[in-house]
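Heads up: the sequence lines are chains A and B, in that order. The C-terminal residue of the first sequence carries number 246 in numbering that gives the first Met the number 0, and the numbering is unbroken. The C-terminal residue of the second sequence carries number 301 in numbering that gives the first Met the number 0, and the numbering is unbroken.
These are calculated hints, taken from the structure and not from any lab test. Any given hint could be a false lead.
[As the list claims (entries may be wrong)] List of simulated lysine-lysine pairs, DSS-like, C-alpha gap at most 27 angstroms:
| # | chain 1 | residue 1 | chain 2 | residue 2 |
| --- | --- | --- | --- | --- |
| 1 | A | Lys-230 | B | Lys-54 |
| 2 | A | Lys-230 | B | Lys-202 |
| 3 | A | Lys-74 | B | Lys-195 |
| 4 | A | Lys-5 | B | Lys-274 |
| 5 | A | Lys-134 | A | Lys-74 |
| 6 | B | Lys-274 | A | Lys-84 |
| 7 | B | Lys-195 | A | Lys-44 |
| 8 | B | Lys-202 | A | Lys-69 |
| 9 | A | Lys-69 | B | Lys-195 |
| 10 | A | Lys-198 | B | Lys-54 |
| 11 | A | Lys-44 | B | Lys-274 |
| 12 | A | Lys-5 | B | Lys-36 |
| 13 | B | Lys-152 | B | Lys-233 |
| 14 | B | Lys-202 | A | Lys-74 |
| 15 | A | Lys-195 | B | Lys-152 |
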Amino acid sequence: MANVYKCEITENTQLTGEVYSLVFSCEEIAASSYAGQFVHIKCGKERLLRRPISICSVFADCVRVVYEVKGEGTKWLSEQAAGQKLDILGPLGNGFSLPEGKIIIVGGGIGTPPMLYAAKTAHGSVTAILGFRDKSKIILQEEFEKTCDEVIITTDDGSAGIHGFVTQPLEDLLSKGGDNAVLSCGPQIMQDGIIKLCKKYNVPVQVSLEERMACGVGACLVCACEAFDMKRVCVDGPVFEVEMKLP
Amino acid sequence: MDLSVNFTNIKFKNPIVTASGTFGFGREYAEYYDISKLGGICVKGLTAAPRLGNKPPRVAETPMGMLNSVGLQNPGVDAFIRDELPYLRKYDTVLIANISGNTIEEYAEMTQKLSDAGIDIIEVNVSCPNVKAGGMAFGTSPDSVAAVTGAVKQVAAVPIMIKLSPNVTDIAQIAKAAENAGADAISLINTLLGMKIDITTRKPVLNNNVGGLSGPAIFPVAVRMVWQAAAAVKIPVLAMGGVTTGNDAAEMMLAGADLIGVGTACFDDPYAPVKIIEQLAQYMRQNKIERACDITGKVEIN
Ligand SMILES: Cc1cc2nc3c(=O)[nH]c(=O)nc-3n(C[C@H](O)[C@H](O)[C@H](O)COP(=O)(O)OP(=O)(O)OC[C@H]3O[C@@H](n4cnc5c(N)ncnc54)[C@H](O)[C@@H]3O)c2cc1C
Ligand SMILES: Cc1cc2nc3c(=O)[nH]c(=O)nc-3n(C[C@H](O)[C@H](O)[C@H](O)COP(=O)(O)O)c2cc1C
Ligand code: FES
Chain A
0 MANVYKCEIT
10 ENTQLTGEVY
20 SLVFSCEEIA
30 ASSYAGQFVH
40 IKCGKERLLR
50 RPISICSVFA
60 DCVRVVYEVK
70 GEGTKWLSEQ
80 AAGQKLDILG
90 PLGNGFSLPE
100 GKIIIVGGGI
110 GTPPMLYAAK
120 TAHGSVTAIL
130 GFRDKSKIIL
140 QEEFEKTCDE
150 VIITTDDGSA
160 GIHGFVTQPL
170 EDLLSKGGDN
180 AVLSCGPQIM
190 QDGIIKLCKK
200 YNVPVQVSLE
210 ERMACGVGAC
220 LVCACEAFDM
230 KRVCVDGPVF
240 EVEMKLP
Chain B
0 MDLSVNFTNI
10 KFKNPIVTAS
20 GTFGFGREYA
30 EYYDISKLGG
40 ICVKGLTAAP
50 RLGNKPPRVA
60 ETPMGMLNSV
70 GLQNPGVDAF
80 IRDELPYLRK
90 YDTVLIANIS
100 GNTIEEYAEM
110 TQKLSDAGID
120 IIEVNVSCPN
130 VKAGGMAFGT
140 SPDSVAAVTG
150 AVKQVAAVPI
160 MIKLSPNVTD
170 IAQIAKAAEN
180 AGADAISLIN
190 TLLGMKIDIT
200 TRKPVLNNNV
210 GGLSGPAIFP
220 VAVRMVWQAA
230 AAVKIPVLAM
240 GGVTTGNDAA
250 EMMLAGADLI
260 GVGTACFDDP
270 YAPVKIIEQL
280 AQYMRQNKIE
290 RACDITGKVE
300 IN
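Okay, chain B solo, but in the shape it has when bound:
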């Protein structure tokens, strides 16, 4: 049985990758298990300059989900390259940097720096719902997705993956725009814009009023969007959104995913990603699946 996946000509030892913003820079969960067991690690979203993020409260619990409004708190791309990348390089796993820009120039500048620093893949976040400039604003029209993709591809020495927003009406159209502009892969879904109001105080729980919904609550939406996007493009797909078990991972792969991102599940159980790898292997064994990639896109549509 072979769990490994070839994704943009890079070999992942298994299809499970941590989702950006839910795994810090790897240090915290490395105290619980050997993070080399993971197919890949996608780090916290980086910006050109350091950011402190939004005011607290930044989290609200919802039925089988959570809203966050962190707002891209991070030390900036230069500090990441200097202080975090050498540490992460000690682990035998694929490293994915996640970037958000205020302008197209910032996306290109960060891509250049991270390419030079030797990151394996760059995930271009055009879908953060928690920042005013940039983020999701770039991800909701095919033209601006194409413009960002084209600009980063010009300077990139490593594969470029565009992270799509679910807060759009036609995900297939956006996915195609990224592919046509030269993207090597796409990833989806980022969080869905949501809101929670405290009925006693009549105030939103999040200081930012709105935030991004993640966790099991969004899983069926993610499966549907992955299916629609994967069917529209030939480039590979990293799928995430509420994956909590190996069965969820298998379902995502049937919908069209090559790799699976695990995020919110870690907050409930720090061991979630490694358990999902084991459970996926068990699913493959029980169903006599030779290679993980054999089930990608194999949903039998009615």
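Here chain A stands alone, though its shape is the one from the complex:
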């Protein structure tokens, strides 16, 4: 059950430039979370609001998150060492529902970490399409390769994988047919493109959204999102299913 836990950090290491991988021990969150959910992390006494970070994976009684240093809060987080304790509220939110059969998982930039959890817990065959700005920004590639049937990398500048955006290989796959769902997390502009394609090929799509939060539990309404009728990203989302026309 979601609750406030004092969790010991077991690992907090740099993956690439500004991106860190943090593991903390918490039996309860490890046992009760599922892909697409997030944890709300207190980042120092000086900051009033917790920071929402998606769960990247769980193993034994440990939870892993992968985050990018953006501002003061995530900077503070990157300075915490193994052995220190974090004040964590979670697991929170409505995550992915993983259908049977073939699925496509799409991650863009710092939106890729939650998709690893989805890939690891998927029931059928998984193709992952991961998009990054350039080669130096690629994260978690090996781990996706270990869990997925196929991994396609794209970079905006062509320094690795396919030169271009994730929508290009996605359309190639969708046009062949046979996919039961697309699950995605990433920048809004990427997800808008994905939704458009899924509508074109009439494949159900679930997107994970971001909005600034306060309570994280559904009580304050600051996280309402325009794309889904001002529903709350913290409890009605962060994962929303896009309505499709009936076949």
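Starting from the structure of chain A, add chain B with the ligands where the hints point.
Frame of chain A, contents of chain B with the ligands only:
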């Protein structure tokens, strides 16, 4: 030791009440603890018709505080009475409805409906900084506060509490206007109008440009205004604004509060209201205070 407080002839088991807009309709925090432990619950601000609120982003963090520009998103008073009130009634705690109108007629209409539905107290919000019509516009002049108060009192079958705006020059004058027009209680403070600008993009963080400041940052302002307002009226006072600990609650009571509202503190710690009740009890024990109400207004002014 007695934590209970008599407020407008209604008994609160302790002085801690949740602040409107920070506790939804109670369901969310009920998953964390028994909300019957609370002295009272004040629900999200209600309007005559459903509202979707302002565009996001609606929150910005500030030093020890936050700005919000939710803009009264709510399902409307009828849906509240139908879908939420029966649920809340299952809990043994005082229920306070918070209302905002575009017109004086809307305030009266909602008061009538909520009185009939059996709410315990109505908090009349004349201080929302996030809506264009109504809200704060009613709360910044003594005449319009008196007009709204008079209109809702005419139709009210339950105690009426007027929620005052801190965005005024003379809070005592506004508090008196509410009392003279028949208010049974006052509550303060609502949020202070604020702004945050992203220096990289040069744009305000809030889509609404401005929003209401809450949290520890506003606590000293709230204490001062509660002291000024409480000294000016005889009716009881529900005080809020940045209360985070039992000591903060005691300080507010010394300034003149009968009840204490807890809002933003919940976002940091869902258990904040129940912890504050325990901490207040501890303060009373340590200072040999028999009844919570014994410290109300007992600040010794220099
Ligand atoms: C459901 C959800 C899951 C997320 N998962 C991840 C993840 O797995 N990895 C990751 O690196 N980031 C993730 N984010 C984004 C992350 O929350 C922000 O980057 C982080 O809050 C920035 O905090 P800061 O103090 O470093 O930045 P500052 O800019 O100093 O933060 C100021 C305020 O704005 C808020 N804020 C700023 N950017 C965002 C944003 N993009 N989304 C929400 N709030 C923001 C902060 O929480 C804080 O309240 C997620 C966001 C959401 C809503
Ligand atoms: C997100 C948010 C929403 C709020 N919504 C309302 C509301 O609907 N009606 C109202 O009277 N006050 C509303 N308030 C004001 C609070 O009830 C309270 O007066 C204020 O936040 C100060 O208390 P605090 O610092 O403990 O939060 C809201 C405050 C916040 C932070
Ligand atoms: S963050 Fe409070 S309702 Fe979503």
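Okay, the hints, checked on the actual structure:
For the hint pairing Lys-230/A with Lys-54/B, the CA-to-CA distance comes to about 12 angstroms; that is within 27 angstroms, so the pair holds. Among the hinted pairs, Lys-230/A with Lys-202/B is consistent with the structure: their alpha-carbon atoms are about 25 angstroms apart, no more than 27 angstroms. A hinted pair counts as satisfied when its Cα atoms are at most 27 angstroms apart, and Lys-74/A with Lys-195/B qualifies at roughly 21 angstroms. For the hint linking Lys-5/A to Lys-274/B, the alpha-carbon distance of about 17 angstroms falls within 27 angstroms, and the restraint holds.
Only pairs whose Cα atoms come within 27 angstroms are accepted, and Lys-134/A paired with Lys-74/A is accepted, the gap being roughly 23 angstroms. Taken as a hint, the Lys-274/B and Lys-84/A pair is honoured in the structure, with Cα atoms around 21 angstroms apart against an allowance of 27 angstroms. As the CA atoms of Lys-195/B and Lys-44/A are separated by approximately 21 angstroms, the hinted pair is consistent with the 27 angstroms bound. Proposed proximity of Lys-202/B and Lys-69/A is supported: the alpha carbons are some 18 angstroms apart, at most 27 angstroms.
As the CA atoms of Lys-69/A and Lys-195/B are separated by approximately 18 angstroms, the hinted pair is consistent with the 27 angstroms bound. Of the supplied pair hints, the one linking Lys-198/A and Lys-54/B holds, its CA atoms being roughly 26 angstroms apart against a limit of 27 angstroms. Simply put, Lys-44/A and Lys-274/B have alpha-carbon atoms about 18 angstroms apart, close enough for the 27 angstroms limit, and the pair holds. Among the hinted pairs, Lys-5/A with Lys-36/B is consistent with the structure: their alpha-carbon atoms are about 24 angstroms apart, no more than 27 angstroms.
A distance of roughly 17 angstroms separates the Cα atoms of Lys-152/B and Lys-233/B; the hinted pair therefore holds under the 27 angstroms criterion. Straight-line distance between C-alpha atoms of Lys-202/B and Lys-74/A comes to about 23 angstroms, which keeps the hinted pair within the 27 angstroms bound. For the given pair, Lys-195/A sits about 54 angstroms from Lys-152/B by alpha-carbon distance, which is inconsistent with the 27 angstroms threshold.
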